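Residue numbers (my numbering), protein chains in the order written: chain A, 94 to 419; chain B, 230 to 549.
The hints are simulated quantities; they were obtained by calculation from the structure and are not laboratory data.
Since the structure is predicted, the reported quantities are computational estimates derived from the model, not experimental observations.
It is possible that some hints are incorrect.
Facing chain A, a subset of chain B residues (Cβ under 8 Å, in silico) [unchecked claim]:
(1) Glu274
(2) Leu284
(3) Pro292
(4) Val418
Just so you have them, the derived chain A footprint on chain B, three or more residues with Cβ under 8 Å [to be verified]:
(5) 315 to 328
(6) 341 to 352
(7) 420 to 430
(8) 434 to 447
(9) 467 to 481
Backbone N, C-alpha and C fix where the C-beta goes; we use that ideal spot for every residue, glycine too.
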Amino acid sequence: MTTLLDVRDLAVTYTLPGDGVWAPGRPLRALEDVSFQLATGETLGVVGESGCGKSTLARAILGLVPAAAGQVSWLGQDIARLDRRALRGMRRDLQIVFQDPLASLDPRMTAGQIIAEPLVTHEPGLGRAAIAARVAQSMARVGLDPRHLNRYPHEFSGGQCQRIAIARATILEPKLVVCDEPVSALDVSIQAQIVNLLVGMQSELGLALIFITHNLAIVRHVSHRIAVLYLGRLVEIGPAEQVFHAPRHPYARALIAALPVADPDREQARAAPRVEGEPPSPLTPPSGCAFRTRCVHAIARCAAERPGLEADGDHAVACHRWRELA
Amino acid sequence: MIAETPVLTVDALSVDFATPDGTVAAVREVDFELMSGERLGVLGESGCGKSQLFLALLGLLAPNGRARGHARFAGQDLLALPAAALRRLRGNRIAMVFQDPMTALNPYLTIGTQLTEVLTVHRGLGSSAARQDAAAMLGRVGLPEPVRTLERYPHELSGGMRQRVLIAMALLCDPELLIADEPTTALDVTVQGQIVALLRSLDITQILITHDFGVLAGFCHRVLVMYAGRIVESGAVREIFRRPRHPYTRGLMRAIPHLEQTPRAPLATIAGQPPDLARAAPGCAFAPRCELAEPRCRVERPLPRAIAAGATVACHLAEP
């Protein structure tokens, strides 16, 4: 397995307007010190709550937002320094599927045109017959009827629109597909269809996936490794089973413990909630560990000193006290 | 405590919408009873009619919607009440909490203004008494600094705090029935649990509309499962989870990834899509997606039948 993607000390900062017309902008650190690697054919699940930087991470990997610090390397090359040709090659191999399938498909294009678009862009020499054949093949692969290629997105259901988005993302047989909440807008019975499709396509095409979601049960199901983000920082990363069954960071523990399970005996016996409060604003992050304001184990050191990511084998955690709490 | 007295009795309730594509049959002949103190969960996917059913009870259907049937609440038929009488009931004796707390609150008014309005309109309180009651209620639903929160605007609060404000608003007039439509869907996982715990701690008859099995499992005494506008199964929450009898309920339960499942193994799915409610078809609405369907399922509609104590199922093939 080769390393496809190497994210090192990545930080992304947005500037929000200040209070008042002449006030200086306020920096919002959406991501800070995020490092991980992704191998070919691997699925990395990224979990966290709203505002934790999950979608910013997707954008930074695709080069859609600039890194304020650190770097993202694709096949060993820093994407910020790629020339136009190399950038084109990377874009071909790196595709994305968004949460809301209706909003991410152009309503004035037919399904066939949408799916063909990457092909037309990246393989300009192809004839019409060759394009039509590839589109039909791609539609069949994602479970769409190729006879529907002249229909518009609004004529499809949500699940079928997500299949169109997946057909578009995979027609070039890319190396990595970033899926940003790909099933969150879908009903339970349709979610399972799309999850099966993505897992099946991964083994068929040897794709790597970055699967961003707040749905922990789905992340555990699809991922080889899981990364947990909190307020723009990577607090834990490791093999899926280890992170899920033996989480080390107090936040990861709370998140997994909060997952409601479809078992009335267990759920109704559940006492009070397991974490107090809500994530603080990323505009005014706490000093030290970002989670300390909600953490029952926080000590003075947690406020004074930011914990770095400490690796123990392939399982890493950013917490001063993880060893004593284990 | 669940008493033997029904708070709400719904009888043959149907909802139609007139659309340019014809009449959409959103809810069809729904019957159920809700006992005092009971927490009822209504489970179903988008478009199954679960929200429209309760909007119809409250007289809040869109202008092209029409409800038929009966819904007895406090000795009156909600569907036969004049608009003014229903308005007095709504927010006073029946309260509702919606999914998105940001859109349910007026962004231009402080929390205090919005809360005290409920009390001055429905209970005729003076403004200082209303503020006192409002602050006390904010404290009860677990908001820190209730008096200061009264001065705040909705955007100054987090999603979880806004949902607490809406629950406080719903409780202000001490309603007999609280209807919550997906109250946790827009919230983060760690906050969801807090809101479910808060709702569960209230000593009040409640209906929770959701598509989340985990939330349902932790909250309800009894569950109604809806598909294509009809109740396909009902029963005690433990029974439904232990032994779902309708093939649709079984399919849904299998489709959620369980923690004991082998990672990456294919999930069970329900093939196909829910039916188009503008095109009435004979037989069972689930038959085209059902693995067990027999010829008679496509021609003869299964009616809900009692299959065990307090449990009904609308399937020709379900066994006791």
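- Message: When I compare C-beta atoms, does the stretch 434 to 447 of chain B have three or more residues closer than 8 Å to chain A?
- Response: holds (count 8)
- Mind checking the CB of leucine 284 of chain B against every CB in chain A and telling me if the closest is under 8 Å? This interface hint is violated because 20 Å lies over the 8 Å limit.
- Message: Taking 8 Å as the Cβ threshold, is the statement that the stretch 467 to 481 of chain B is covered by chain A upheld or broken by the three-residue rule?
- Response: With 4 residues close enough to chain A, the hint holds.
- Message: Hint glutamate 274 of chain B vs chain A: min CB-CB distance below 8 Å?
- Response: At about 4 Å, which falls below the 8 Å cut-off, the nearest Cβ of chain A leaves the hint on glutamate 274 of chain B intact, so it holds.
- Message: Under 8 Å is the threshold here; is the Cβ of valine 418 of chain B close enough to any Cβ of chain A for the hint to stand?
- Response: The hint holds - valine 418 of chain B has a Cβ within 8 Å of chain A, the shortest such distance being about 5 Å.
- Coverage assertion for the stretch 341 to 352 of chain B with respect to chain A, Cβ distance below 8 Å, three residues required: violated (count 0)
- Task: Answer holds if the nearest beta-carbon of chain A is closer than 8 Å to that of proline 292 of chain B; otherwise answer violated.
- Result: violated (23 Å)
- the stretch 420 to 430 of chain B covered by chain A? Criterion: 3 or more residues, Cβ-Cβ distance below 8 Å. holds (count 6)
- Outcome, coverage of the stretch 315 to 328 of chain B by chain A - at least 3 residues whose beta-carbon is closer than 8 Å to one in that chain: This one is violated; 0 residues, fewer than the three required, reach chain A with a Cβ under 8 Å.
The structure fails hints 2, 3, 5 and 6 (numbered hints given earlier, in ascending order).
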